[in-house]
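Number 287 in this note's numbering belongs to position 287 of the sequence shown; there are no gaps in the numbering.
These are computed hints drawn from the structure, not numbers from a lab.
Warning: the hint list may mix true and false statements.
Unchecked claim - What follows is a list of derived Cβ distance ranges for each label pair: (1) R45 / R25: 26 to 32 angstroms; (2) H270 / L378: 56 to 62 angstroms; (3) D319 / G200: 43 to 49 angstroms; (4) T137 / R273: 45 to 51 angstroms; (5) E334 / T105: 28 to 34 angstroms; (6) S321 / R198: 44 to 50 angstroms; (7) E19 / D210: 19 to 25 angstroms; (8) A201 / G78: 45 to 51 angstroms; (9) I114 / T23: 24 to 30 angstroms; (10) G200 / G305: 42 to 48 angstroms.
The beta carbon of each residue, even a glycine, is placed where N, CA and C say it ideally should be.
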Amino acid sequence: MGSPSGSPTQATQNGQVREAVRTARRIVVKVGSSSLTTAAGGLDRDRVETLVDALTSVGAQVVLVSSGAIAAGLAPLGMVRRPRDLANQQAAASVGQGLLMQAYTEAFARRDRIVGQVLLTVDDVTRRAHYRNAYRTLHRLLDLGAVPIVNENDTVATEEIRFGDNDRLAALVASLVHADLLVLLSDVDALYTGNPSRPGARRIDEVHSDADLEGVSLGRPGRAGVGTGGMITKVEAARIATGAGIPVVLTAAPLAAAALSGDPVGTLFHRVRERPAARLFWLAHATSPRGRLHLDPGAVRAVVGRRASLLAAGITAVDGSFAAGDPVDLVDIEGHPVARGLVNYDAAELPTLLGRSTMELGPGYEKEVVHRDDLVLL
1 MGSPSGSPTQ ATQNGQVREA VRTARRIVVK VGSSSLTTAA GGLDRDRVET LVDALTSVGA
61 QVVLVSSGAI AAGLAPLGMV RRPRDLANQQ AAASVGQGLL MQAYTEAFAR RDRIVGQVLL
121 TVDDVTRRAH YRNAYRTLHR LLDLGAVPIV NENDTVATEE IRFGDNDRLA ALVASLVHAD
181 LLVLLSDVDA LYTGNPSRPG ARRIDEVHSD ADLEGVSLGR PGRAGVGTGG MITKVEAARI
241 ATGAGIPVVL TAAPLAAAAL SGDPVGTLFH RVRERPAARL FWLAHATSPR GRLHLDPGAV
301 RAVVGRRASL LAAGITAVDG SFAAGDPVDL VDIEGHPVAR GLVNYDAAEL PTLLGRSTME
361 LGPGYEKEVV HRDDLVLL
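Take the sequences, apply the hints, and build the full model.
See the structure below:
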């Protein structure tokens, strides 16, 4: 929940310049649809220009995660509001993504900067080969001095394999590129304890842990009707990023320049841990399980306590329809997920393997069901 955009005069109200922001050398910035477009008028070029001004004013490398493709395609297709069905969303994205990139390409070019488009699906960050390719592409663009502009590939993503919102995508991209800072820009100026138009609502300047969020009432998507998020998705994205060792600033798009210069605008979420292994962190937060493997108590102790690979001997049942390489949850005897991993066998193969040792299974079944390098505890 937050108040409307705010003004640059708020830049000094929270104290001194934020050192974590000022020293960042690689920054991921996410901007929402409502900050770039309207349902009636498509892209707002003035807003795009203002954003690009802010992004090119900093000395750090910048990755931009930009919503707006679906919203930009509404007006050209004669749609008055964001469609709910996937087919129309994909049609609008197909039209709007080109318009969005054209606007960014022209705006950055006026400031002598090159941009590169990177469209991602969940598969691009959960399967090993895709993950490595996304990593290489983003890092090479940065090395070449280009500004990667990332969006979900809405034209081909299905309901089952969507990120769901670009706040979460931005947090995952920040982890992927080893960013020093994530900035979430929207149409609200900060996080509040409730609706700021109501008595008693308090602005939250800094968040050190979940304890600082107790009693906070999180709002729904904005009134413009072009976005999919809301404050709840931004707080969840902040949890993901800070859990990856990356601080987060949440503020309004008109305050982007102030936020990127380290002025204490918006809400600062402090990181809660050092940076973990990137790929396992990604597996925990980017994937949705395609099935479940039920473990006996001994297998739970081995996986959780000793961080061992999962063998067929410790599995009692299999749920779901999945293929080798898909993410699956490992659950205890009460059905509670204890880990997530990439399975080495199809769902159809596993039932005949359950409870049997590798020696019993013989040639062709030497692989672990889930190798410990492809497994993360939940």
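Evaluated hints:
1. R45 / R25: 26 to 32 angstroms: About 30 angstroms separates the Cβ atoms of R45 and R25, which means 26 to 32 angstroms holds.
2. H270 / L378: 56 to 62 angstroms: Distance hint for H270, L378 is violated at roughly 23 angstroms.
3. D319 / G200: 43 to 49 angstroms: Once the Cβ atoms are compared, 46 angstroms apart, the range 43 to 49 angstroms for G200 and D319 holds.
4. T137 / R273: 45 to 51 angstroms: For T137 and R273 the Cβ distance comes to about 27 angstroms; the hint is violated.
5. E334 / T105: 28 to 34 angstroms: At 53 angstroms between Cβs, range violated.
6. S321 / R198: 44 to 50 angstroms: holds (47 angstroms)
7. E19 / D210: 19 to 25 angstroms: holds (23 angstroms)
8. A201 / G78: 45 to 51 angstroms: violated (39 angstroms)
9. I114 / T23: 24 to 30 angstroms: holds (26 angstroms)
10. G200 / G305: 42 to 48 angstroms: Between G200 and G305, where Cβ atoms are some 47 angstroms apart, the hint holds.
Comparing the model with each earlier hint shows violations of hints 2, 4, 5 and 8; every other hint is respected.
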